[in-house]
Amino acid sequence: MLKRLELTGFKSFAKKTPLEFSQKITAIVGPNGSGKSNVAEAIRFVLGEQSMKSLRGKLGTDLIFKGGKSGGALGRASVSIVFDNKKRSFGKHETGEGSINLDFDEIIISREVYGDGTNHYLVNDSQVRLKDILEILAPLNIGSSGHHIISQGEADKILNASIKEKKEMIEDALGLRVYQYKIIESERKLGKTNENIKEAESLRRELAPHILFLKKQVEKIEKAREMREELKGFYLEYFNREDKLLKQEKENLKYSSKVRKELAELEETLTRLKNELSLSPENVASEQGARENDRLLQEIRNKKDEVSRRIGRLEGIIELEDERAKEIKSQGSFALSTINFFEVKTFGEKIIELAGDAIARRDSGFFEKALSEIKSLVSRFITEKEEEGSLAHKEEKIFGKIAELKKEKNSAVEELRILSKEEEGIVKRIAQSKKELEDAKENLRDKERSFFELSSKRSELSAQVGIFSIQEEKFRSEEEDFAREFKEAIVLVGEAVNSYQTLSFGEEDKNGQEVRRKKIERIKIRLEDAGIGGGEDVLKEYETTFTRDKFLEGELADLKQSKTSLEGLIADLKEKLSVEFKEGISKINTQFSEFFKLMFGGGTASLSLVKKEKRRYSAEEEEEGELFNDEEKEFEEGIEINISLPQKKMKDLNMLSGGERALTSIALLFAITQVNPPPFLVLDETDAALDEANSSKYGQMLKDLSKFSNLIVITHNRETMSCANVLYGITMGADGTSRMLSVKFNEATAYAK
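Per the UniProt record's numbering, residue 1 is the first one in the sequence shown, and the count goes up by one each step.
Accuracy of the hints is not assured; some may be wrong.
[To be verified] Here are the computed lysine to any residue pairs in the SDA-like style, where the Cα-Cα straight-line distance is at most 20 Å:
{"id": "1", "residue 1": "LYS611", "residue 2": "ASN160"}
{"id": "2", "residue 1": "LYS131", "residue 2": "ILE183"}
{"id": "3", "residue 1": "LYS397", "residue 2": "SER372"}
Simulated from the structure, these hints should not be mistaken for laboratory data.
Please build the complete structure, drawing on both the sequences and the hints.
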């Protein structure tokens, strides 16, 4: 199962040096000082040896190649041992932090030491702990006692060991150390569990009075909570109803806004009416305007009369002139040509005046009288002016005068037309003014009536607004009380009161609200007397402490269960260890007796399980005579070796010679390995003290052992060499490094022949 050993920088092996162990017996030979024993120490080293004395050093750095003529010192030493695992002899190994995968055809265990003294352990290049290495190897009967590696001078180590050490060596050899590891680990866990139990119990004892105190506080808080819950119920109904009442009041008060608006509008209307009424003097002005219009009308009519008279006079004159022209024309008289124009004009004006008056008066008698007078005047005038011109000339002048008179008449007619139009307009204005004046008076009377009516209504509205103001002030006060009470409720019972709007109760009742308010006040007084606040911190602390205690209680139960399980496991492991150890001792005794007889030619040898008192005091303390009770005595179990040499009565191991001790230890070690063979056995010059006859017996035992384990024999003994299948020759070079040569023994023998 052991395949290979590789040394790099370890002691005298500076370069990487592989040793193959493909044969049953491998012998390593060479002169003293060549480095043969370094191979055995390399195997000790890689398998976890912690004693530097066993490795012939003081410090870890002593194991690193120090340098020689051909090279300097190295900074690292490494040894790897390779096992064949095709049969999966190495199973899965669990660690505290997981598991180590051993599902490989080869298992390579390596150990490295560095110049600073640090060590690394590896399994197939994965770093592990020393503990893992020891536990992996324990099932293969390769333990820390080193019973499978026996060096020169240590062959009788088992003979000199204490009964306890002998027991441990045999447990290693029997592959029972795994039980010991498990027992130690379980006892460590049990010790830790007991500590945890004590700690948990101590913590629970510390928590108990505090929990009791907190529990009383919690009971008070729960009572306060019940009161708060009751208070919350009252609050919810109270706020729900109060909110509805306030909303109803608010809705009712909306009418006040309407009234105020109506009052404001009424005030504006009254102000406007008042202003309009204050403008009543305009009516007087309107009356004055009417009188002015009447005056203007009379004035225009007077003008019309005057113009009409003028038109009449003009028409009369024109008619006279026409008549005159006709007379002159008919008479053919030119007497009128002698009439002075200015005199005619004077007479003419008089005639026109008389004719105008006659036309204006429209009196025929007066007209005839005037005409007679005119004719008289004309006759007189004509008579007086006959000498001034001819009648033709007079006719021409008359026609000219008629034209001027017609022109003047037309102007007068136009003026009359204009005056008539003005008269018509003034008449219309007078009628309109009269109507407007009457309307204005009626409107004024309406406004006065409206003013008095609205003034009365304003008084009513003002009274209503006053009432509303009182109600609004009351509403604001109630709203403030509601807000204050609501904030107080949140402090006392929490945010749950916010849900009051989602609830539904019966019809709102002011009197009922007062009853609820009194109940709320009574509960508040009880809460205040209780002196307990919200208590959230206390409840949280109680919950935390109680949870902690329950956790500790659960932990304690788990720990006690673990303790029971560990105690049961330890008992089972100890029972298995005891049974298998006794069975192993029985098997070893059989083999030990046979090997002993083979080595000594007879006699007896056996192992016995004993229990002896464990020394707890020094020899000096015991000499002082200090006594102690049997109850204080401690005992330890172990193994004693019993021998009886043939033809000798000697039974004490201390009485044996060096050779006899060597043969006895070899017989025992071979017996142990025969019962539970390790994968390999290293024998470092254990045959040095044997004579030729015993060397032959030793060689025969090697052959028998090689059937069960690979043997690595470091020897100078030719008889031993002759038993080997492979020889490794080790020499020390001039540069201080070990060199190696290997040869198969049968090939060397054939070559020698």
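Here is what the structure says about each hint:
1. For the suggested pair LYS611 and ASN160, the alpha carbons sit about 17 Å apart, so the restraint of at most 20 Å is met.
2. A threshold of 20 Å between alpha carbons decides the hint, and for LYS131 with ILE183 the separation of about 14 Å falls inside it, so the pair holds.
3. For the proposed pair LYS397 and SER372, the alpha carbon gap of about 23 Å is over 20 Å, so the pair is violated.
Of the numbered hints listed earlier, the single one contradicted by the structure is hint 3.
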